[in-house]
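Visitor: Please construct the entire structure, taking both the sequences and the accompanying hints into account.
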Amino acid sequence: NAGVTQTPKFQVLKTGQSMTLQCAQDMNHEYMSWYRQDPGMGLRLIHYSVGAGITDQGEVPNGYNVSRSTTEDFPLRLLSAAPSQTSVYFCASRLTGSTEAFFGQGTRLTVV
Amino acid sequence: GNSVTQMEGPVTLSEEAFLTINCTYTATGYPSLFWYVQYPGEGLQLLLKATKADDKGSNKGFEATYRKETTSFHLEKGSVQVSDSAVYFCAAYSSASKIIFGSGTRLSIRP
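Protein chains in written order, with our numbering: chain W, 1 to 112; chain R, 113 to 223.
Hint data in this document are derived by calculation from the structure and do not stem from the laboratory.
Heads up, none of these hints are tricks.
Below, in silico cross-link-like pairs of lysine to aspartate or glutamate (EDC-like), each with a Cα-Cα straight-line distance of 20 Å or less:
| # | chain 1 | residue 1 | chain 2 | residue 2 |
| --- | --- | --- | --- | --- |
| 1 | R | Lys164 | W | Glu100 |
| 2 | R | Lys161 | W | Glu100 |
| 3 | W | Lys9 | R | Glu154 |
| 4 | R | Lys180 | R | Asp166 |
| 5 | R | Lys210 | W | Glu59 |
| 6 | W | Lys9 | W | Asp38 |
| 7 | R | Lys210 | W | Asp56 |
| 8 | R | Lys210 | W | Asp38 |
| 9 | R | Lys210 | W | Glu30 |
| 10 | R | Lys172 | W | Glu100 |
| 11 | R | Lys210 | W | Glu100 |
| 12 | R | Lys168 | W | Glu100 |
Fair warning: this is a prediction, and the values are worked out from it, not measured in the lab.
Guide: And the structure:
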C-alpha cells in the first residue's frame with residue numbers, strides 16, 4: 001500500500017530558487033495538508049485543502065503556494081526560497097470527518 | 113485558539129523503566145486528543161487516540177486517559193523497550209477541522 005508519497009526526500013536549494021514538493025495519496029482522502037517541522041516547535045500547518053479545487057492557509061503560509069487540481073495530488077511550491085524555509089516538510093491526508101491523519105515520510109529541505 | 117503543550121525532551125530511560133510524557137491542552141469544548149509517534153527517518157504515525165472525557169486510548173502497551181478536569185492526556189507505558197525510541201507528539205483536533213500538534217518529545221531508551 002503506497003499511502004502518502006512525498007518526493008523528493010532531500011533537497012538543497014540556493015536562496016531565491018523556486019521548487020515544488022510533491023505529495024500524492026492513493027486513499028481517496030478529501031483532506032490534505034502540508035506541515036513544516038522545526039526543532040522545538042513541533043509541526044506547524046502551512047496550507048490545507050478540503051477537496052479538489054479548494055485550498056486555504058494554515059498557520060505559516062507566507063512564501064508557499066499550493067493547488068489541488070485532483071484529489072490525489074497536493075503540491076507545495078516555494079516561490080523564492082529563503083534560509084528560514086530550511087525545515088522538514090510533511091504532507092498528510094485524511095478522510096473528511098475522520099481524525100486520523102496519514103503522513104508521508106517527509107522532505108528535508110536545506111536553503112543555503 | 114487551541115494549543116497543546118507537552119513536556120520538553122529529550123527523555124532518556126533504561127529498558128523496562130516506566131514512562132510518562134506529560135501533555136496538556138487548551139481548547140474550546142472537548143476536542144479529540146491523540147498521540148503520534150515518529151520513528152527515525154519516518155513520518156508520523158497515529159499511536160492512540162481518545163475522543164471524549166474519561167476515554168482511555170491504548171496501543172502497543174502505551175496508554176493515555178482523557179482528563180477534562182486537568183485538561184491533560186499524559187502518555188504512559190509500564191515497561192519501555194529500545195524499539196520505543198522515537199519522537200512522540202501530543203495533538204488535538206481543533207474546531208476548525210485542523211490538528212494542532214505539541215512540540216514533540218524525543219525518547220531514547222538505553223539497553
